[in-house]
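Model the full structure from these sequences, guided by the hints.
Counted from 1, the sequence shown has number 324 at position 321 by my numbering; the numbering is strictly sequential.
Hints should not be assumed to be uniformly reliable.
What the hints assert, rightly or not - Taking lysine to aspartate or glutamate pairs in the EDC-like style, the calculated list, with each CA pair at most 20 Å apart, reads:
#1 Lys-189 with Glu-252
#2 Lys-189 with Asp-112
#3 Lys-189 with Asp-110
#4 Lys-214 with Glu-151
#5 Lys-115 with Glu-191
#6 Lys-189 with Glu-251
To be verified - Label pairs and their calculated CB-CB ranges:
#7 Tyr-341 with Val-229: 25 to 35 Å
#8 Trp-75 with Gly-324: 31 to 41 Å
#9 Glu-185 with Pro-98: 10 to 20 Å
#10 Gly-32 with Leu-282: 42 to 52 Å
If you are wondering where the hints come from, they were derived from the structure by calculation, not from laboratory data.
Only a predicted model underlies this, so the values are computations on that prediction, with no experimental measurement involved.
For glycine and all other residues, C-beta sits at the position ideal for the given N, C-alpha and C.
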Amino acid sequence: MLINIQFLRLVAAMLVVFYHTSSHLRSTGADHGIFFQINDAVGFAGVDIFFVISGFIMAHTSLNASGLASGWSFLRRRFARIYSGYWPFFFLAIPLFYWVNPVLMQDMDLLKNFFLWPVFPLLIAVSWTLIFEMFFYLLFTVVISLTEPRRLFVLYSLFVAMVIWSIYSQFVRTAYAPGHLEYMSKAEYYMVSPYLLEFLGGAIAAYWLSKPLQKARVPTAWFLLVLGSALFLAGGWINLNYFGGNIEEGYTVFYRVLVFGIPSVILLSALTRLDQAGLRAPARFSLLAGGASYAIYLSHTLILVALQKLGFNEFAAGWGGFVTPLIYLLLTLAVLAYSVAHYHWVERPLHRAFKRTLRVGRAPEPALPNAQNRV
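Set out below in structure tokens:
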């Protein structure tokens with residue numbers, strides 16, 4: 004696993020944690036401070052980074068795989084990964100929400116939530132992204148099963164088709180406008196969403212990055228890292244000034260993907276090139292904390308809900324001044340610590356058990372070119 008990509012996974016997960024924690028901080032009436040203000044504008048876009056990484060990893064780990072057997076093996080590995088991480092939190096969420104909000108549970112379809120089938124309401128709110136991931140897995144299984152020499156052409160074709168369809172849906176059909184989106188079928192909502200462009204962008208990037216660029220050097224990768232970061236922050240400014248801070252809503256998904264998907268691909272490309280050049284984030288920390296990103300993502304909303312029920316927000320509000328934001332910042336670090344422990348002691352052993360049950364081994368990961376002097 005590329006070290007820098009694992010680090011980027013951690014960053015993406017923590018952005019989402021900061022974003023949701025910020026809403027609880029806001030309920031106290033305390034001053035946010037600049038850190039949480041920035042995350043109010045961009046934190047949700049950690050999901051967009053996740054989608055790009057997902058497409059990259061799927062393509063990267065299957066560069067040389069093709070045929071029905073490879074496709075079936077890929078799908079089993081992905082199912083083992085997503086369910087082994089999701090189900091422990093699913094079973095924790097059931098008693099939690101019966102305690103916190105029993106009215107919500109009256110209309111809850113637990114079976115569909117269990118299998119991550121498109122449904123509303125969701126038991127774990129952030130699991131909407133996992134439903135998209137399941138579709139991504141199925142789509143890429145088909146791609147692996149049917150193609151290898153022309154796979155990049157297929158990905159390009161899908162990308163172009165999705166760009167055309169997204170523009171048509173946004174501006175001609177106005178499918179994402181209020182009053183229209185509510186009547187969109189679940190099949191269209193998940194199978195031809197603009198989010199698919201982020202997944203395909205990451206997959207195409209994996210092919211670009213599988214070969215060293217002859218003329219590019221390390222400074223180019225640093226420039227891309229700065230550019231991607233600047234564009235990502237600029238996306239927050241656009242969100243606040245042109246979308247009233249609500250670009251994360253389903254009505255504006257086209258613009259969200261445009262504003263945050265492009266910087267996410269640039270950031271992933273820059274960090275991959277730096278990794279190839281031997282310029283990496285701390286390896287042990289990145290592998291452990293990045294590996295725990297799934298647990299971070301799924302656990303934090305449950306922790307926030309439980310603490311809210313216990314009166315944590317009132318407790319934090321009582322301190323006032325700079326102390327209240329500091330308390331919530333420390334809370335995010337506690338979420339990180341818990342998630343790392345969960346990943347080490349629960350998720351990894353359970354994942355290994357799932358793989359044994361499904362009789363799948365580790366995916367063969369091709370070595371990306373080592374470009375010590377060129378990136």
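Hint check:
Of the pairs offered as hints, the one joining Lys-189 and Glu-252 holds, with about 16 Å between alpha carbons and a cut-off of 20 Å not exceeded. This hinted pair checks out: Lys-189 and Asp-112 have alpha carbons roughly 16 Å apart, not beyond 20 Å. Of the pairs offered as hints, the one joining Lys-189 and Asp-110 holds, with about 18 Å between alpha carbons and a cut-off of 20 Å not exceeded. Restraint check for Lys-214 and Glu-151: the C-alpha separation of about 17 Å stays at or below 20 Å, so the hint holds.
Pair hint Lys-115 plus Glu-191 holds up; C-alpha atoms about 18 Å apart against a cutoff of 20 Å. A threshold of 20 Å between alpha carbons decides the hint, and for Lys-189 with Glu-251 the separation of about 19 Å falls inside it, so the pair holds. Separation of Tyr-341 from Val-229 is about 33 Å and conforms to the stated range, judged on CB atoms against 25 to 35 Å. Checked against the hint of 31 to 41 Å, the pair Trp-75 and Gly-324 fails, with Cβ atoms roughly 58 Å apart.
Distance hint check for Glu-185 and Pro-98: the Cβ-Cβ separation is about 32 Å, which falls outside the suggested range of 10 to 20 Å. Evaluation of the 42 to 52 Å hint for Gly-32 and Leu-282 yields a pass: the beta carbon distance comes to about 44 Å.
In terms of the numbered hints stated before, the structure departs from hints 8, 9, listed from lowest to highest.
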